[in-house]
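Asks: Model the full assembly from the supplied sequences, consistent with the hints where possible.
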Amino acid sequence: MMLGPRDRHELLKDARRLMAPPARRLFLRRGLTLGGLALLTGCDAVNSDDAEKLLMKVSRWNDKVQAFLFDPNALAPTYPESMITRPFPFNAFYAEAEAPQVDANDFVLRVSGKVARRDGWTLEQLGALPQADQITRHICVEGWSAIGRWGGVPFATFLQRIGADLSARYVGFKCADDYFTSIDMPTALHPQTLLTLRYDGQTLPRKYGFPMKLRMPTKLGYKNPKHIVEIFVTDDYPGGYWEDQGYNWFGGS
Amino acid sequence: MSTLVAPAPEGMPGAKQAPPTIQPAWVRITHWLNVLAFLVLVTSGWRIYNASPIFAFRFPGSITLGGWLGGALLWHFAAMWLLAVNGLAYLLGNVLSGRWRRRFFPLTPRQLFGDIAAALRGRLDHDDLSHYNAVQKFAYLGAVALLVLVVLSGLAVWKPVQFALLRELMGGFDNARIVHFLAMSGLVFFVLVHVVMVAVVPRSFLLIVRGR
Chain A
1 MMLGPRDRHE LLKDARRLMA PPARRLFLRR GLTLGGLALL TGCDAVNSDD
51 AEKLLMKVSR WNDKVQAFLF DPNALAPTYP ESMITRPFPF NAFYAEAEAP
101 QVDANDFVLR VSGKVARRDG WTLEQLGALP QADQITRHIC VEGWSAIGRW
151 GGVPFATFLQ RIGADLSARY VGFKCADDYF TSIDMPTALH PQTLLTLRYD
201 GQTLPRKYGF PMKLRMPTKL GYKNPKHIVE IFVTDDYPGG YWEDQGYNWF
251 GGS
Chain B
1001 MSTLVAPAPE GMPGAKQAPP TIQPAWVRIT HWLNVLAFLV LVTSGWRIYN
1051 ASPIFAFRFP GSITLGGWLG GALLWHFAAM WLLAVNGLAY LLGNVLSGRW
1101 RRRFFPLTPR QLFGDIAAAL RGRLDHDDLS HYNAVQKFAY LGAVALLVLV
1151 VLSGLAVWKP VQFALLRELM GGFDNARIVH FLAMSGLVFF VLVHVVMVAV
1201 VPRSFLLIVR GR
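The listed protein sequences derive, respectively, from chains A and B. In terms of the numbering used here, the first sequence opens at residue 1 and continues consecutively. In terms of the numbering used here, the second sequence opens at residue 1001 and continues consecutively.
No lab work stands behind these hints: they were computed from the structure. What you are looking at is a predicted structure, and each value in this text was computed from that prediction instead of being measured. Fair warning: there could be bad hints in the mix.
Covered, in the sense of this in silico footprint (three residues per stretch, anywhere, with C-beta under 8 Å from a C-beta of chain A), are these stretches of chain B [said to hold, decoys possible]:
{"id": "1", "segment": "1047-1059"}
{"id": "2", "segment": "1074-1083"}
{"id": "3", "segment": "1173-1179"}
The calculated lysine-lysine pairs, modelled on BS3-like cross-linking and capped at a C-alpha distance of 25 Å, are [said to hold, decoys possible]:
{"id": "4", "chain 1": "A", "residue 1": "174", "chain 2": "A", "residue 2": "207"}
{"id": "5", "chain 1": "B", "residue 1": "1159", "chain 2": "A", "residue 2": "57"}
{"id": "6", "chain 1": "A", "residue 1": "53", "chain 2": "A", "residue 2": "64"}
{"id": "7", "chain 1": "A", "residue 1": "114", "chain 2": "A", "residue 2": "64"}
{"id": "8", "chain 1": "B", "residue 1": "1159", "chain 2": "A", "residue 2": "64"}
{"id": "9", "chain 1": "A", "residue 1": "207", "chain 2": "A", "residue 2": "64"}
So these bits of chain A aren't anywhere near chain B, every CB distance computed over 12 Å [to be verified]:
{"id": "10", "residue": "57"}
{"id": "11", "residue": "77"}
{"id": "12", "residue": "99"}
{"id": "13", "residue": "126"}
{"id": "14", "residue": "127"}
{"id": "15", "residue": "137"}
{"id": "16", "residue": "142"}
{"id": "17", "residue": "145"}
{"id": "18", "residue": "203"}
{"id": "19", "residue": "243"}
No residue lacks a Cβ here, since even glycine has one placed at the ideal position from N, Cα and C.
Replies: Next comes the structure, spelled out in structure tokens:
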């Protein structure tokens, strides 16, 4: 059977989707086989589903603690150009060659949910909005960090332009690579939260999330979606690609 | 419960001569909760370290907790509450009861070096378990200091933007990770020596279980 590149892409996506849940369920089972620990905690008397539920409850509690700790006026440090990490690392749940190709000409950013104006946005229209530039540290959940320079529209400005309900709880993102995530409104309105269209002064390249990436130096890397195609405002918890597998939802730094 | 907390009042008619309680119940409870928190935090922390090693080695997966990075993070950020709340209870109990001053002080460099020399000659005895020698005082105070450091550096790694002062004290985000790792290493070393010493003086194990 001959597969075109598009078929292969779809196939890979399906495979990933099928593989995710069992891999996810492995973590506690393997954790609980740790002999000494299971003995000490009596965990072998507790089935792993209960332990997983408890850990997820604590994670939801940690979301609340982080929302409480979040200072809307506290700024992440900014750095001189000389400190930019070159080359800035590519990072995704797939290889660089698999990054989605988005056609700039017919691209329209979709807007939905609790907003007054649901019209789509072309890249040209977004480029005409007020712009800002920042050099900040990207911190990955894995522990490494890298300094990069992003430019684009302050997200608070964009949310005002679309008439977003700023009292809503979440802003959600859907991406061209089937990634999805969501953030809290206070972080969405943070002065350093940018809807970026540029990296290091150039149009945001494909490997860093063309056509746009939401950049938040107050959150870990996986909270910063790339290849955004839709933004929605909602009160219903939208979760996220990694968050649904166990990464902490707030993911603040 | 009261018999666990304090020895029977002296001179009470009819009271049996029970050996005095050397480690009160709250010390024993916080000790064992700390063991649990520490085990979970260290083994899950190793799994988190493996996701992006600072140095040129990884911990064997079989001695880590969580199965994958996301699982390890869940364990780590749950057990941190136990370590912090239990640690605060321990410190508060020590200060309020006066145990802190009674058991750990005075501690002078002279006593410390004298006791180290005695220990090296094999002449430092543990006959009186109600009293810490200078080496013990130093080691236990050092462990407490390392626990404080591991918590502070952990907070700096967790919240480098919100806890800007802590981040700067640790020398920035990347350095805070190294401080966190070194504090962990120091604590693991302490635990190894601590466990060896318990094997050498098995009666001390009963002390932290029964109190006497």
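Asks: State for each hint whether it applies.
Replies: Structure-based check of all given hints:
1. Look at the segment 1047-1059 of chain B against chain A: 5 of its residues bring a Cβ nearer than 8 Å to a Cβ of that chain, three or more, so the hint holds.
2. Using a Cβ-Cβ cut-off of 8 Å, 5 residues of the segment 1074-1083 of chain B lie near chain A, which meets the minimum of three, so the contact claim holds.
3. Counting residues of the segment 1173-1179 of chain B whose C-beta lies closer than 8 Å to any C-beta of chain A gives 3; at least three are required, and the coverage claim holds.
4. As the CA atoms of residue 174 of chain A and residue 207 of chain A are separated by approximately 17 Å, the hinted pair is consistent with the 25 Å bound.
5. About 20 Å separates the Cα atoms of residue 1159 of chain B and residue 57 of chain A, which keeps this hinted pair within 25 Å; it holds.
6. A C-alpha spacing of about 17 Å is found between residue 53 of chain A and residue 64 of chain A, which places the hinted pair at or below 25 Å, so the restraint holds.
7. With a CA separation close to 23 Å, the supplied pair residue 114 of chain A and residue 64 of chain A stays within the 25 Å bound.
8. A threshold of 25 Å between alpha carbons decides the hint, and for residue 1159 of chain B with residue 64 of chain A the separation of about 14 Å falls inside it, so the pair holds.
9. The straight-line distance between the Cα atoms of residue 207 of chain A and residue 64 of chain A is roughly 33 Å, outside the 25 Å bound, and the hint therefore fails.
10. With a cut of 12 Å on Cβ distances, residue 57 of chain A falls inside the contact zone with chain B, its closest approach being about 9 Å.
11. At roughly 8 Å, the least C-beta separation between residue 77 of chain A and chain B is not larger than 12 Å, which violates its mark as non-interface.
12. Taking the minimum C-beta to C-beta distance to chain B, about 21 Å, the non-interface status of residue 99 of chain A holds against the 12 Å cut.
13. With 12 Å as the threshold on Cβ separation, the claim that residue 126 of chain A sits away from chain B holds: the shortest Cβ distance comes to roughly 26 Å.
14. Against chain B, the non-interface label of residue 127 of chain A holds: every CB pair exceeds 12 Å, the least being about 28 Å.
15. Against chain B, the non-interface label of residue 137 of chain A is violated: not every CB pair exceeds 12 Å, the least being about 6 Å.
16. Taking the minimum C-beta to C-beta distance to chain B, about 4 Å, the non-interface status of residue 142 of chain A is violated against the 12 Å cut.
17. Against the 12 Å criterion, residue 145 of chain A falls within the reach of chain B, whose nearest CB is about 6 Å from its own CB.
18. At roughly 28 Å, the least C-beta separation between residue 203 of chain A and chain B is larger than 12 Å, which holds for a residue marked as non-interface.
19. With a minimum CB-CB distance of about 9 Å to chain B, residue 243 of chain A fails to clear the 12 Å threshold, and the non-interface call is violated.
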